[in-house]
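Go ahead and model the full structure; you've got the sequences and the hints to work with.
2 protein chains.
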Amino acid sequence: MFKRLNKYIIFLGTTKKSTIKDIANVLGITPSAVSKALSNHPRISEKTKADVIQVAKNLNYQPNHLASALRKGKSNLVGLIIPKANSHFFSSVLQNIEEILNEKGYSVIISQSNESYKKECESIDALLFTQVDGIIASLANETLNFSYYEKIKAKGIPLILFDRGENDLQVDYVGIDDYQSSHMIVDHLVEQGCKRIAHIAGYRHTRIFKNRIIGYVDALEKHHLPIENDLLLEGSLTLEDGRQKMEALLKLPNRPDAVYAASDFAALGALQVLKENKIRMPEDIALVGFGNEPFTSFVSPSISTINQYSEEIGRLAAEAFLYRIKNPKKKVSLNKMILNAELIVRESSNKNGY
Amino acid sequence: MFKRLNKYIIFLGTTKKSTIKDIANVLGITPSAVSKALSNHPRISEKTKADVIQVAKNLNYQPNHLASALRKGKSNLVGLIIPKANSHFFSSVLQNIEEILNEKGYSVIISQSNESYKKECESIDALLFTQVDGIIASLANETLNFSYYEKIKAKGIPLILFDRGENDLQVDYVGIDDYQSSHMIVDHLVEQGCKRIAHIAGYRHTRIFKNRIIGYVDALEKHHLPIENDLLLEGSLTLEDGRQKMEALLKLPNRPDAVYAASDFAALGALQVLKENKIRMPEDIALVGFGNEPFTSFVSPSISTINQYSEEIGRLAAEAFLYRIKNPKKKVSLNKMILNAELIVRESSNKNGY
DNA sequence: TGTTTTTGTTCAAACGATTGAACAAATGGT
DNA sequence: ACCATTTGTTCAATCGTTTGAACAAAAACA
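Protein chains in written order, with our numbering: chain V, 1 to 354; chain B, 1 to 354.
FYI, nobody ran anything at the bench for these hints, they're computed from the structure.
Small disclaimer: the values here were computed from a predicted structure and weren't measured.
Some clues are possibly wrong.
Stated by the list, open to error - Computed from the model, here is a short list of chain V residues facing chain B with C-beta under 7 angstroms:
#1 Val55
#2 His65
#3 Val108
Stated by the list, open to error - Listed next, the in silico BS3-like pairs over lysine-lysine satisfying Cα-Cα at most 27 angstroms (straight line):
#4 B:Lys17 x V:Lys119
#5 V:Lys210 x V:Lys118
#6 B:Lys17 x V:Lys72
#7 B:Lys151 x B:Lys336
#8 V:Lys57 x B:Lys153
#9 V:Lys351 x V:Lys336
#10 V:Lys119 x V:Lys155
#11 B:Lys275 x B:Lys104
#12 V:Lys155 x B:Lys21
#13 B:Lys72 x V:Lys17
#14 V:Lys47 x V:Lys36
#15 B:Lys47 x V:Lys72
#16 B:Lys57 x V:Lys119
#17 V:Lys119 x B:Lys84
#18 V:Lys326 x V:Lys74
#19 V:Lys275 x B:Lys275
Idealized CB from N, CA, C, for every residue including glycine.
Right, here's the structure in full:
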């Protein structure tokens with residue numbers, strides 16, 4: 001009894017964290033009884049449970065997650081790999097993933113690839129090392145080789161891709177229908193009377209950008225519009241890239257009357273160049289972007305764009321992970337979740353007023 | 001020998017992860033020798049080290065971080081609590097913190113408070129539970145009570161605050177000089193000939209916003225300008241809040257000739273209202289924001305603002321953490337790191353052309 | 001050759017929580 | 001009153017790695 005009290009007092013006085021062993025000592029029972037009491041084991045009496053909870057509170061007991069994770073073989077950590085946190089799309093996805101997974105007791109470890117393949121591989125290694133229970137990722141632009149992702153699959157933990165995915169990797173995927181989105185944009189521009197529609201595109205090796213390009217080409221064909229190489233420019237889709245591509249387009253002997261940029265940042269670059277050249281939007285050239293970054297709504301003219309439902313994508317990715325964790329055996333099913341995107345028509349492409 | 005080979009083959013065939021024990025079995029040595037070989041212990045022979053590394057590679061050995069973290073009492077995880085990931089400032093800070101800490105072998109667990117006190121407390125609990133080695137945080141707007149943060153200090157792990165900090169908590173802090181920034185803004189506006197300068201402010205209970213308010217008031221006094229209650233409006237500083245405050249200012253019998261908004265989002269709201277009312281910037285009303293969000297440079301007119309050096313803040317916060325980890329005993333020193341901010345003058349407040 | 005030092009490795013106890021099996025005591029059925 | 005069941009708890013092994021102490025063998029020194 002004296003020993004118990006003594007221990008108790010010591011622990012009140014110090015900062016040292018208490019363990020189930022300390023609780024056990026105070027109550028004169030074993031650590032395993034404490035562990036079972038805390039996890040509400042049916043064989044533990046209500047009285048003991050109450051006592052344990054009380055003492056745990058007194059000792060300011062905090063379970064050691066590492067110990068339990070080690071024993072259970074489950075860390076309750078999820079890795080999230082994104083190209084860049086400071087884009088509205090990715091940070092919004094991050095926000096939703098974090099929210100949903102937190103509710104289910106998971107913590108999210110964030111890792112940015114900065115669009116670099118090397119950094120992406122390092123991120124994967126670091127996450128696997130940290131024993132994450134799964135990884136949710138969007139590929140870097142640079143990434144062409146997926147063997148590193150096979151490594152994740154080999155570990156037997158769930159891998160969910162979103163936005164920048166890849167068909168070859170047989171894993172769950174959440175994204176929008178890029179092919180269909182291009183059709184919506186071209187249809188809209190044709191409806192506005194445009195006849196020469198340019199596309200500031202992303203690099204074709206990234207699946208989503210390839211699909212946007214194919215959608216663009218197919219949609220032009222559908223409308224019996226000519227497909228000109230000069231009007232299809234692949235690039236990194238940054239603001240600066242958008243500026244350069246727009247300048248190139250303006251130098252053409254036969255200017256386009258519409259520009260569809262595969263990212264809002266590129267669209268913004270194009271918009272700046274158009275304004276600098278006093279070219280009116282949408283009268284002279286109509287402009288459409290992609291992604292619904294917040295700034296598209298408040299620049300002047302506001303930019304028409306595609307809403308990617310980033311919140312929805314984050315939610316679905318998180319739920320896909322949770323589903324995989326719950327059903328570890330099920331091999332197939334689920335997989336691709338393709339959302340229908342929404343075209344938001346704004347000033348930059350609306351010739352009819354409203 | 002047979003047993004060894006057998007084990008070896010089994011492990012090549014299955015996905016099951018290998019441990020130091022497996023390596024030990026293959027080589028016929030003990031796990032502790034393997035552990036020491038891997039950590040380059042001086043007492044282990046070069047030959048053994050080479051063998052261990054070779055076998056580790058063959059078996060595709062990945063150390064179990066959980067086990068080593070448990071044993072060492074160090075998780076190499078750092079918690080980052082931010083109000084919202086989808087603001088350029090915070091995601092940029094995040095980016096830099098992640099980059100620097102990754103280099104040093106730390107992973108970053110992200111947690112968003114969504115400006116909610118309750119969520120912030122939950123985040124802290126979750127992070128402490130995960131046994132993070134330290135926490136870097138920026139307080140939610142709602143947070144007035146810091147007892148939860150005391151909990152972190154009580155655990156004995158480093159706590160670093162940035163941007164939204166608090167003097168009462170005796171911890172390291174990284175941020176800009178808000179008081180001084182207000183002075184720079186007011187000085188600039190006065191120089192532009194403005195005489196009635198309004199301030200769309202944040203809530204006074206948050207230290208940074210309070211300092212901006214005091215700086216604003218002191219600067220007005222310095223220039224012998226009247227301080228009018230109608231011109232100082234506290235709010236949440238969202239875009240919508242900025243709109244409302246600007247509308248209120250326009251309804252005044254005696255309109256201001258300059259508006260200083262304590263956030264770029266509020267400044268943007270104000271800008272929209274001014275444009276809708278065909279009020280010219282900077283001729284009729286000059287406008288200055290705060291934070292250098294990217295959009296400030298490409299809206300029209302571009303918005304003058306304060307550059308908070310988000311990358312620098314992230315870097316310093318990460319380094320402060322690393323310093324504390326390296327020097328656990330040192331009680332005082334270091335603490336407040338206050339950066340001098342930079343005023344970026346753009347169209348919205350520049351009457352002189354350029 | 002005998003003693004000390006160095007070198008390379010093993011031993012064993014951690015780190016803190018979990019869990020099935022074992023066991024004693026209390027309860028129930030007949 | 002005897003056996004079966006239920007209840008509450010302890011036992012002991014385990015998760016994978018780390019680390020100081022211990023120990024034997026080899027090397028160095030006298």
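Hint-by-hint comparison with the structure:
Hint on Val55 of chain V is violated. Least Cβ distance to chain B is approximately 18 angstroms, over the 7 angstroms limit. Because the beta carbon of His65 of chain V sits about 5 angstroms from the nearest beta carbon in chain B, less than 7 angstroms, this interface hint is met. Taking 7 angstroms as the C-beta contact cut-off toward chain B, the hint placing Val108 of chain V at the interface holds, the least distance being around 6 angstroms. A C-alpha spacing of about 24 angstroms is found between Lys17 of chain B and Lys119 of chain V, which places the hinted pair at or below 27 angstroms, so the restraint holds.
As the CA atoms of Lys210 of chain V and Lys118 of chain V are separated by approximately 23 angstroms, the hinted pair is consistent with the 27 angstroms bound. Our distance criterion of 27 angstroms between C-alpha atoms is met by Lys17 of chain B and Lys72 of chain V, whose separation comes to about 15 angstroms. Pair hint Lys151 of chain B plus Lys336 of chain B holds up; C-alpha atoms about 21 angstroms apart against a cutoff of 27 angstroms. Distance check on the hinted pair: Lys57 of chain V and Lys153 of chain B sit about 18 angstroms apart at the alpha-carbon level, within 27 angstroms; holds.
Using a Cα cut-off of 27 angstroms, the hinted pair Lys351 of chain V and Lys336 of chain V is violated, with the two alpha carbons roughly 37 angstroms apart. About 20 angstroms separates the Cα atoms of Lys119 of chain V and Lys155 of chain V, which keeps this hinted pair within 27 angstroms; it holds. A threshold of 27 angstroms between alpha carbons decides the hint, and for Lys275 of chain B with Lys104 of chain B the separation of about 49 angstroms lies outside it, so the pair is violated. With a C-alpha separation of about 19 angstroms, the suggested pairing of Lys155 of chain V with Lys21 of chain B holds against the 27 angstroms cut-off.
Distance check on the hinted pair: Lys72 of chain B and Lys17 of chain V sit about 15 angstroms apart at the alpha-carbon level, within 27 angstroms; holds. Proposed proximity of Lys47 of chain V and Lys36 of chain V is supported: the alpha carbons are some 13 angstroms apart, at most 27 angstroms. Restraint check for Lys47 of chain B and Lys72 of chain V: the C-alpha separation of about 36 angstroms exceeds 27 angstroms, so the hint is violated. As the CA atoms of Lys57 of chain B and Lys119 of chain V are separated by approximately 21 angstroms, the hinted pair is consistent with the 27 angstroms bound.
About 25 angstroms separates the Cα atoms of Lys119 of chain V and Lys84 of chain B, which keeps this hinted pair within 27 angstroms; it holds. Proposed proximity of Lys326 of chain V and Lys74 of chain V is supported: the alpha carbons are some 13 angstroms apart, at most 27 angstroms. Simply put, Lys275 of chain V and Lys275 of chain B have alpha-carbon atoms about 18 angstroms apart, close enough for the 27 angstroms limit, and the pair holds.
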